[in-house]
Every structure is written in C-alpha cells, then in structure tokens.
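Starting from the given sequences, assemble the full structure and let the hints guide the process.
Protein chains: 4
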Amino acid sequence: MDFIVTLQCKDQPGIVHAMTTVVLACEGNITQNQQFTDHDTNTFVMRTHVETTQTLNQARATISSALAHLNPSLTFRSTDVRKRALIMVTKESHCLRELLYLQELDEMPIDIVGVISNHEVLRPLVESHGLLFTYIDVNTQNKDAAEAQLLSIIDKEHVDFIVLARYMQILSENFCEQLQGRIINIHHSFLPGFKGAKPYHQAHERGVKVIGATAHFVTPHLDEGPIIAQDVAHVTHAATPEDLIAIGRDIERRVLSQAVKYFAEDRIFIVGARTVVF
Amino acid sequence: MDFIVTLQCKDQPGIVHAMTTVVLACEGNITQNQQFTDHDTNTFVMRTHVETTQTLNQARATISSALAHLNPSLTFRSTDVRKRALIMVTKESHCLRELLYLQELDEMPIDIVGVISNHEVLRPLVESHGLLFTYIDVNTQNKDAAEAQLLSIIDKEHVDFIVLARYMQILSENFCEQLQGRIINIHHSFLPGFKGAKPYHQAHERGVKVIGATAHFVTPHLDEGPIIAQDVAHVTHAATPEDLIAIGRDIERRVLSQAVKYFAEDRIFIVGARTVVF
Amino acid sequence: MDFIVTLQCKDQPGIVHAMTTVVLACEGNITQNQQFTDHDTNTFVMRTHVETTQTLNQARATISSALAHLNPSLTFRSTDVRKRALIMVTKESHCLRELLYLQELDEMPIDIVGVISNHEVLRPLVESHGLLFTYIDVNTQNKDAAEAQLLSIIDKEHVDFIVLARYMQILSENFCEQLQGRIINIHHSFLPGFKGAKPYHQAHERGVKVIGATAHFVTPHLDEGPIIAQDVAHVTHAATPEDLIAIGRDIERRVLSQAVKYFAEDRIFIVGARTVVF
Amino acid sequence: MDFIVTLQCKDQPGIVHAMTTVVLACEGNITQNQQFTDHDTNTFVMRTHVETTQTLNQARATISSALAHLNPSLTFRSTDVRKRALIMVTKESHCLRELLYLQELDEMPIDIVGVISNHEVLRPLVESHGLLFTYIDVNTQNKDAAEAQLLSIIDKEHVDFIVLARYMQILSENFCEQLQGRIINIHHSFLPGFKGAKPYHQAHERGVKVIGATAHFVTPHLDEGPIIAQDVAHVTHAATPEDLIAIGRDIERRVLSQAVKYFAEDRIFIVGARTVVF
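Chains as they are written, first to last, in the working numbering: chain E, -2 to 275; chain L, -2 to 275; chain A, -2 to 275; chain D, -2 to 275.
The hints are simulated quantities; they were obtained by calculation from the structure and are not laboratory data. Just to be clear, a hint being listed does not mean it is correct.
[Claimed, not checked] Cut-off 27 Å, straight-line C-alpha distance, at most; resulting in silico cross-link-like pairs (DSS-like, lysine-lysine):
hint	chain 1	residue 1	chain 2	residue 2
1	D	K195	A	K192
2	A	K258	A	K153
3	L	K88	D	K258
Okay, structure coming up:
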C-alpha cells in the first residue's frame, strides 16, 4: 500500500529523524519526501510518500503515536483513495468544463460528489456528464437555510473540499470559518488591481499588458485567503474588453485546476497567511 | 534616407489613403506600416516607415501640409538619428546597468546624454562607462531649484526623454506636466497590489506566486500613468523576501529596457489613459 | 457589412495606396489593417478589415478589378460567414475536446462540418456534442479509397480546411498537395528534437527542462510545413514520462486551438517556408 | 557554521534515517532538505543544509564514516566558501557581462578566478572589472599544449568548475573526460533543431515562433551532455535574423547564469543522462 502523510508542527530538531525512524518501524519505505521550514512562523511542514506492507490504519496508529511528542497536525491518505470534491458554480461554465475535461482524461485525481448552483443554467452540462446537479436558491432572506442545506450535503456526502468554480455568491463568515482551508476559489487578478464592477473593462481602459488569475483558499475575508496558484497572460492594446474576458477565462480555468490538483495530492500547507506548495 | 513618421488624429475615413498618397508624392516607399483605431476615444494612430530619396525636411514639409486637414499630431525621425535620453537614478544600479549593457551591445538605439542622481553612489559606475554623471542634491527645501537645474540640462542637451531607472524622488506635478509623455518610470507590481512600505516583504507574507514590474509614463498622479510594458516571474514559498527583491530587480531591468526601446523606436502612442505599442 | 480582405503579391510601390483608393471607391471604411513585407521572398501581405454599405459581391468585384495590375492573391470573407472545418482524430481526445469547448463558449469562430476518424473510440464524445462522426477505415490496402472518400466529403460539405487533431495516419503526398495550406496539424516538439518512437520517454531520459508543441501546415514533407504557432512548458526532473505526456497534451490542445483560431480569422499567410501571422 | 552536504547513492531503505541520525550526532540541525529517487537508474540523491556548532572537518568525518555502508558520493561545502569558477570566452560578451553583473550585485555566489580567451577582444572588459584575463592561443597545431596550460591553471588556482560563456572552440575528449560534470556550456536551441551553420538564419527561414537556449554539462560528445536549464522566448515573423540573434543573446545569458547559480549552490546532480536540479 502507498500512502501520503503530511505533517505540520513547530520547528524543532529531530523531526525528520523521528519520521524516518517510525517509517522504518512500519516496514515502510519513503519514496518521496518534501519539507520546508517557514522561519517567519517557525513552522515545519513535510509531505512524505511511503510504501509499506502494513494497512493504513496500522501505519497511522504507529506514526501518530510515535510523533505525538511533536504535537503535529498529521494527515494520512492512501493513494488509492481520492478526495471528494463538491463543485459550486453560478452561470459560467469554463472552470467547471476544465475540471470535467481533466477528470475524463484521468488527469484530475478527485471524486466529484456533485455540482451545486444558485442557477439552473449549467444543469444540462452537469447531467450530460453523469453528475448530480443540485439547485440551491440563494437570496438575502434564505442565506442561512441555503448554507444549512449545503452543510448537510457536505456532511452526508463526506465532502473533503469545495471548489468555487465561478460561484458568484458570497458565503457567510460562519460558513467559511467552519470550512477553513477546505474551500478553493478563483478570481481574476490585475496589475494594478481594480476595485468595483467590470474589472476587465477597467483593465482595458488602463491598458494593462498582463492579466492574471489567482486561486486561493476562502477565508471569512473575501479574496484575501492564502494564495495557492497564480498565472498571467500577456495582452496588447488590440484586445477588446471581450477579448480580455475570454483570455481571463482561459487563465482562470488553468489556475483553478492547478490548485485543485495540488489539493487533491496533499501538496498544500497553510502557514500563516500563505501557502507552501510542494 | 529612411524615416519614421507617426500620426495620431481623430478617426475618420481616408487617413491611410491620404498618407499613402503623400508618401508616393514624396517619391517614398512604405516599408512598414502599423495602424490602430481606438474605439473608446475615436482615435486613429499610425506608425509608418518610409524610404525616400528626399531629405527629411522636404518629406516633413510635404507630408505635414498634405495631412493638415486631418489635424494630426505628427512626428518625424530619420532612422539615423537616435533619441537623446537622460537617465535618473538614486542608489540601485540594476536598471542602469541593463541600459548600459544593451547600449554597448548596440541593442539600445538611444544616445545617453548623461546620468543624474540625488546620490553619489553610482558615480564610479557611470564614469567608468565614459558617461557624464551629475549629482543634484534634492531635499524638501530645494526641490524647485533642483528641478529648475534639471530643466536647464534638458533644454541645453536637447533631451528627448527621461528614464527613471529607480529614481526614488517624487517629481513635482508641474515638472511632470511639462514633460508629459516624455518620462518613463519602472515600478514593481504584485497580484494583489500592496500599499505602503516594504512591498516585497508584504508580498512574501501573503505568499504571492508571481511578482511583476510595470514600466509606465509618469503623470502628475504617481504610478498611474499609461502602462507601456509589464512582465512577471513565478516564485514559490521557498523564496525569501531577499530572493523576491533579487527576482524583482531582474524583471524591472528587463521591463524598463523594453519600454525604453519601444520609445526609442517611436512605437508608443498615448491614447486616453492607455498606450498603443506597435 | 463587414468583411476581411487578404492580399498577397510581389512587393512593389503603391500597393497600400491602391487598396485604400479602391476601398474608398467601395464606400468602405478600413477599421483594421495589418501589413508586412518579407524581404527574403520580396512578398507583400496585407489583411484589411472593411466596413461598407455595399454587398460582398460588389466589393469583391470592384477590388479585384482595381488591384488586378498587382497580380495578387486575394481572399474575401464576410465576418458573418464562418470557415467550415473538418476535424480528423484517431483515439486521443484532448485536442478535439478543446476545440469543442471553445466553440461552445463562442470563442472559436468556425463551423465544424464533422469529425472523421480511423477508429470508433471517439464516436460517443462527438455525437454527444451533436456532431456528425464518420468512421473511415484506413489500412495499407485501401488508402487511396479512404482519401477519395475524404475528398468527396470535403467537396460535398464545402470544407475550407482540415484540422488534424491528433490524427495518427500519414496522408498521401498527393492529398497534401491538393489541400496545400488547408491542413493544420499539431505535434510535440522538444529541445533537442528526438527521432523515433516514444519521444516523451526519450525526453525524460535526456532530462529536458522544457517541452513544447508546434502547430503547422501539412505539406507533402511530414512535420516540416510552415509553422503557425508554438509554445512550451517548463518541466523538472520530478516529471515522469506519464507526467510529460499529460503536460504535452495540455500544450498541444492550446497551440492547435490558437492556430485554428488564427486560420479562422484569416490571420495566416504562407510566405516561402514560413508564415506571417497577424 | 552552516554547510551543504550532498549525497548520491544506490536507492535503498534507511538512507534519510541514516543521514538524520548522523546529523543529530553532529549536534546539527537540518534547515533544508531535498531528495529525489530516480527510478530509471535506481539512484537516490539528497541535498541537505545543516547548521551545527562543529567544524566542517569534524562533521565531514563523522558523516562520511556513518554513511560509508551506503557507498555514497558525498560533497561538503561550508556556505561561507564559494566555488571557484574559471570563465572561458571567445569574442561575444553577453554571457560574461551577465555573470559580472550578477556578481557585482551580490547575486552570484562564486569566486571568479579569471577569464580565459582564445582572442584578445574581451581583455579590456575583463580587466576593467579587476579580473585576470589570460589569452591562450588555440589552433590545430597547439591544442594539446593549450589544454595543458589550461589544466595547469585549473590545478594551480583550485578551480572548481569551468563556465563556457560562449567559448567557440571544441575541447578535446580527453579534457572533457577529466573534468566531467565540472564544465557548463550554453548553446542556442530551436524547435525544430537545425544542423549546420547560421542556425538563427535557418530558424528565420523556417519561421519558428519560439527560440531557446540550453545550459548543459559538457561531455566528450559535444552539446549532448546532461541538461541543466532551458528557456525560450516567443518571436514573430517580424523578427529579422539579427533580431533573433539579439533575443537569443538575452536567453543565453539568463539560462547560463541560472545554471551557474544552481551549480554554485550545489543544487545539481547528474543521474544517468540527465540532471536533478533542486
């Protein structure tokens, strides 16, 4: 059996030694290992790929016990088990399509539990891929009820994380806090940044030469969660606002998929206000 | 003789026809031509490379007269004549070094009139390249006098444009207005943007995955002039603030040089709040 | 009515003047114009976007007649009329999916006449998008018959161009010659290049740090036609051959789509062994 | 004291454990660690950054002894000690200038022992930077003598590695073998590749859309050594062969500097025909 163990704890001497000792005790062999010490927060993070003849439960018990003195956050996942994702969308399909495309090519190691939307527009697309589409009406009156329904689905379906694939509603602070580090969002990014409506039109008026997208964890403070992935494209004066929007779609779908893949493979650690991505 | 003529005017039918007619009348041949219509501002811009047996003065007179009904802004430059640049620096050398490097390789078609600084640090570097270094003390008391000295140099040396190659003083509104469209600046750029001091440290704290630089014209409103060129580099969590600063230097020098080269070759038009760059 | 006219002819004085004169005579207004002179072959190419109150037939007749002395190749296309594409595939779907994705988002201005394959694998995907799928068996015995069937479809369906979206059969010299400049292919590209089978495995063995893809016109000499678009991705030692193949798929689909879009918008000119792409 | 230890050996269980055990025994703390297993060659490589109160000699002795059973290749370098580089050039200065630029900005952690050339052209540049310039005449008659002189300098000056910064002479097989893994070269790279003279002119004729550069170790088989770093730039039909050459210079200097920096920081391992670069 192959599994990934991730560890995050206060930096201190002997961590790697403790891990390698216990992996040997589990009759395990480390096939990949990545580690990083964040000096700002004095945090140590490590992602270790182990192959062993033991079961995951056995290895988990042994490792958890042996490392308890480090007071670590530990996660264990058999590489056979895929994380369960719930995708949320509104009307735009480009990010959703990319996730479906990659999954059908077997390049996106997640199980998609279903797609939630506050509009019916994307139901046919979702259902044509054999996935469950759930419409949840959201308005100013029923937000609490809508999020309660969402939480019940998350609970019932053992959802590991949520992908906001252009979901245009703001989630409540409370909801974001409950799912801290488990919601990934995508939004456009510009140099310089623009406040307010129609950002691509503003970017056009200012004649920006690059446009970008940022995938980040959602925190109660909108669009300010730890950044997971970013990319940009070069544009020229000849691009209309519509062209910029189309180019933006292309960057958004690629950056979001990259972030989801990193999450699916246990490559992301949240350290302070930022991420370590192996 | 080869020359570049640039034209900017209100969009209207018959502009290209008028230009091609008068170029033929000048016994000229168009070897390159680029044009763009900006619909937001209803502005037409065109850059035309002409070879002719006439002198530049002859061609200029004929063309100016024949196109007068379009009420255009016209510039003419023989490709033998290089624009005259004044470079301003403070203590950092990376942008200056890149301009010198490119010029010594004959890849930067400008004449460098001299280098101005509000510090003495870069005098040896400048003088070792055989260039004139002028120290102009700038403080809150003498800003007007300093800018008057600058304007006198610009006038006496027939300076076409100023390159702020990491010049860390703010120029007065009045100065910027007098030289509108003739001062090029470089500054770092991030997704998201950061206000205040130590931007690279802020970028590090937020864990940005790309850092960038923007070259732009200076307007009385600092860092908000029309953008000429932008680029970014990808960075990871492993980069320290010092690494980010070093990577930033590398992007800054390349983006500024690109912008200066565009300006030197008459490739930039200011249209509203943005640029057209051919 | 808006239309695109492209012109290619021997370079000579007065071409732009002649075009602008006749466009005015057609009561037309040039809204975009791009031109280039290739000095190696002494060829002039120009792409002109015109709006006019005349019909396309009227404008075509007037322009063709007025420019006849230049002995040009001319094409005319109303911007309302999309080029008709025939897509050919074998078993891999990534390039096909990208074309379908872009078309469904209205970002790929082509009409897809249908999809041809020498395998049945992709029939369900094609038909689920409401497109015609035609299986044409190809083997060493029946190649002539297969290409005859293909030519009959091209003729009957008024196909403007063929997109080889990972079609793994070699087309005959005769077929390629008949459709010169109308078949676009995609293939992987490496630094250095590799001969023979399993190129991604060879690339892995040599530890290349970038892998790329090239979209090009097909000529009777396989993989050596004029290049339309190229791009690369950075890779590290950690990428397995399978990872490289997945990254390669991503580059291939983007580069091929870019090339198809350029073709659909009349942006490509073949000049000698190379292309001009506006 | 901080030091970097690199280890390369046959993959086997317990390597990381053995290293972490002995580092603890040295009163050391691991501040960075990177490892990779190459399955093709069954090779394990690891780069470990250690801080300790012991001297380098003490730590080296303890670690070498404790890991002897793994039969590893080990290197040790105090981070205070810079590698000693000998730079070889012919007439072109762009790569040399970049190395000097980075060193003067304190971004290139090497000691430059001197510059060797088979021409006198770059003497003034080298000497103006306060470096030793040695002219070694090379011709078909005296190649052996020239290389003997080179080897004597390498020996006398304790040269760690050679940077061929556009050195246009072929080194003998014998010389390359003696310095295997210690000579870094840069050369241009294209998709597709071109044989023979004037590659940029060939690239222009074929209308390539990207041009690149590859930094690699020199082996007795020219231009085929393990690749260290590669990058490309996008170009268009408008670029002349001279433009391509200028763009090529820009890529070459950046890619070579990147490779030299990796080497200076002990980040490169040669594994079979390829490199692992941390």
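So, going through the hints one by one against the coordinates:
no.: 1; hint: D:K195 to A:K192; in the structure: holds, 22 Å
no.: 2; hint: A:K258 to A:K153; in the structure: holds, 23 Å
no.: 3; hint: L:K88 to D:K258; in the structure: holds, 25 Å
Checked against the numbered hints above, the structure violates none of them.
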